[in-house]
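S.K.: The chain contents come next:
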Amino acid sequence: MKNNKLKKILINNIVPIVILIIIALCYPLSGLSPKYIIQEMIFRLSRNLFLVMSLLIPIIAGMGLNFGIVLGAMAGQIALVFITDWQIIGMQGIFLAAIISIPISIGLGIMSGSILNKAKGKEMITSMILGFFINGVYQLIVLYGMGNIIPISNAKLVLSRGYGVRNAIDLKEVRKALDSFLSLDIGGIEIPLFVFIIVALLAWFTIWFRKTKLGQDMKAIGQDMEVSKTAGINVEKTRIIAIVISTVLAGFGQIIYLQNIGTMNTYNSHEQIGMFSIAALLVGGASASRATIFNVISGIFLFHMLFIVSPMAGKELMGSAQIGEYFRVFVSYGVIALTLVLHQWRREKEKNDIRRRQMAERVREIEGGEK
Amino acid sequence: MKRITSWIIVLICILLLSIALFVTGKRHKVFLLNGSKGKEVPERVYYIVDGENKEKPKSVKANKKGIAFVKGRSHIIVISFEDLDGNKKEIERKFTIPVSSDAEIDFYGIINNTNDWIKYKEK
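The listed protein sequences derive, respectively, from chains C and B. Take 57 as the starting number for the first sequence in my numbering and just add one per residue. Take 21 as the starting number for the second sequence in my numbering and just add one per residue.
Hint data in this document are derived by calculation from the structure and do not stem from the laboratory. Please note that a few of the clues may not be correct.
Listed next, the in silico DSS-like pairs over lysine-lysine satisfying Cα-Cα at most 27 Å (straight line) [as the list claims (entries may be wrong)]:
| # | chain 1 | residue 1 | chain 2 | residue 2 |
| --- | --- | --- | --- | --- |
| 1 | C | 228 | B | 78 |
| 2 | B | 22 | C | 267 |
| 3 | C | 228 | B | 49 |
| 4 | B | 141 | C | 228 |
| 5 | C | 174 | C | 275 |
| 6 | B | 22 | C | 232 |
| 7 | C | 293 | B | 76 |
| 8 | B | 141 | C | 212 |
| 9 | C | 228 | C | 212 |
| 10 | C | 232 | B | 84 |
| 11 | C | 228 | B | 22 |
| 12 | B | 22 | B | 57 |
| 13 | C | 228 | B | 143 |
| 14 | C | 228 | B | 85 |
| 15 | B | 74 | C | 228 |
| 16 | B | 59 | B | 81 |
| 17 | B | 76 | C | 212 |
| 18 | B | 49 | C | 212 |
| 19 | C | 61 | C | 405 |
| 20 | B | 114 | B | 91 |
| 21 | C | 212 | B | 91 |
| 22 | C | 212 | B | 143 |
| 23 | C | 269 | B | 22 |
| 24 | B | 139 | C | 212 |
| 25 | B | 49 | C | 232 |
| 26 | B | 141 | B | 49 |
| 27 | B | 141 | C | 232 |
| 28 | C | 232 | B | 78 |
| 29 | B | 74 | B | 91 |
| 30 | B | 91 | C | 228 |
| 31 | C | 267 | C | 176 |
| 32 | B | 85 | B | 49 |
A quick note: this is a predicted structure, and the numbers were derived from the prediction, not measured.
Take the sequences, apply the hints, and build the full model.
M.R.: Set out below in structure tokens:
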């Protein structure tokens with residue numbers, strides 16, 4: 057009995073355990089000081105927490121891991137292009153960008169949600185491909201529309217041919233606008249308190265949201281769509297709302313992320329966001345059907361720990377930081393594959409268990425009838 | 021109907037907030053002129069705009085130009101200089117910049133208290 061329980065815990069937390077072992081092995085080899093690691097970790101947590109938390113609501117609604125958060129990221133980036141062009145700087149620039157991103161994210165979210173409703177049960181792969189598709193539309197708008205149809209007056213933003221946005225945008229006027237506001241310095245370690253307050257508000261919102269009527273509806277849909285439909289829940293609409301919320305939050309998350317980085321890679325910054333956020337969430341022990349705020353925090357912590365220590369460990373071991381980086385990429389994306397396989401295996405196992413139990417019950421009933 | 025009204029109110033609030041953010045967050049260039057050729061101006065004028073570089077104020081030499089960047093509409097400029105008699109003087113002026121403009125401030129105008137010490141340039 058005890059063995060079974062331990063086995064279950066191990067299987068459920070296999071990913072964080074493996075990552076933790078790798079970090080434990082790499083950390084002494086990296087030679088990095090604890091102070092450096094703590095500072096890096098605080099910055100990286102503040103940079104990514106919001107973005108990864110945007111994945112939680114679709115999971116409640118049973119839609120799996122929303123690879124479509126790249127849509128929200130694109131909305132955030134378009135908003136940042138506008139505020140840079142209009143020269144709105146500092147905190148005002150960030151908040152205005154957040155407001156501008158909302159209608160774009162809502163539009164993209166509704167479209168994404170409607171498509172995902174047509175692909176029930178295959179939401180993850182559909183949202184991933186949808187991300188690639190909208191990326192094409194985004195590139196078309198930014199590369200040909202901006203400066204042509206959408207007026208861009210700032211010459212520094214536009215390509216020399218007169219239209220299209222440059223590959224890299226310097227966000228120096230909004231760089232660390234949120235991070236430096238209410239920043240604390242404890243023992244030489246800088247803590248961007250304001251960003252953590254925003255993240256705490258989102259965490260509170262997510263917990264509160266689960267208790268609302270809409271949150272309960274989403275939970276019910278996540279457990280059984282057919283039963284929810286019979287109970288009178290508008291399944292399609294609720295699923296669209298889940299995706300819209302996730303997309304809007306991802307837009308905000310991308311703005312927080314880029315204000316911390318300080319440079320926007322117009323055509324690439326958003327591309328890896330979906331994969332990265334999902335990898336971080338999975339590393340934290342979440343699955344495609346269950347994720348908590350603890351998974352988000354522990355996931356980003358473990359994932360970034362790997363980011364920090366593996367290149368240095370690679371350098372110390374093999375004389376090349378690049379090998380450590382290859383190792384990190386291999387491990388992090390291997391983790392996604394492993395988690396998704398485990399998730400499917402668990403689902404199949406649960407289905408088989410239910411089938412076996414039902415069969416046993418029926419056999420018992422038949423045997424009882426014969427007697 | 022009640023729902024539509026609520027949405028309209030929310031949208032108006034967001035619109036007003038956006039306008040407020042646009043106006044208060046807009047960056048403007050302020051060109052600073054220490055007189056033009058032929059005018060008698062101090063050798064060097066130190067300036068502080070909105071309290072920036074208070075510890076080590078920047079300066080503009082006679083008949084030269086400087087530039088400062090400001091955020092929002094209302095600002096304060098403090099200039100300090102030695103007049104022709106060698107007395108130290110400090111003058112403070114408040115100014116506003118329209119949303120779509122940059123400004124040009126002439127220290128000669130501030131020192132001699134003329135009305136045209138600030139001019140606006142359309143962006």
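S.K.: Mind checking the alpha carbons of residue 141(B) and residue 212(C) for me, to see if they're no more than 27 Å apart?
M.R.: holds, 20 Å
S.K.: Quickly compare the C-alpha distance for residue 228(C) and residue 22(B) to 27 Å and report which way the hint goes.
M.R.: It is violated: about 44 Å lies between the C-alpha atoms, which goes past 27 Å.
S.K.: Can you confirm whether the C-alpha distance between residue 293(C) and residue 76(B) stays at or below 27 Å?
M.R.: violated, 60 Å
S.K.: Keeping to a limit of 27 Å between CA atoms, is the pair of residue 22(B) and residue 232(C) held or broken?
M.R.: Not OK: residue 22(B) and residue 232(C) at ~41 Å, beyond 27 Å, violated.
S.K.: Would you check the hint for residue 267(C) and residue 176(C), treating anything up to 27 Å between C-alpha atoms as holding?
M.R.: holds, 25 Å
S.K.: Between the alpha carbons of residue 61(C) and residue 405(C), is the straight-line distance 27 Å or under?
M.R.: holds, 17 Å
S.K.: Holds or violated: residue 141(B) with residue 232(C), Cα cutoff 27 Å?
M.R.: violated, 30 Å
S.K.: Against the 27 Å threshold, does the CA-CA distance of residue 141(B) and residue 49(B) hold or violate the hint?
M.R.: Holds, because 10 Å separates the two Cα atoms, which is no more than 27 Å.
S.K.: If you draw a straight line from the CA of residue 49(B) to the CA of residue 212(C), is it 27 Å or shorter?
M.R.: holds, 16 Å
S.K.: Verify the proposed pairing of residue 22(B) with residue 267(C), using a straight-line Cα cut of 27 Å.
M.R.: Cα-Cα ~25 Å, so holds.
S.K.: Would you mind confirming whether the straight-line C-alpha gap from residue 49(B) to residue 232(C) stays at or under 27 Å?
M.R.: holds, 22 Å
S.K.: Are residue 141(B) and residue 228(C) close enough, with their CA atoms no more than 27 Å apart?
M.R.: Given that 27 Å is the threshold and the Cα spacing comes to 25 Å, the pair holds.
Figure legend: structure checked against the earlier numbered hints; hints not met, in rising order: 6, 7, 10, 11, 12, 17, 27.
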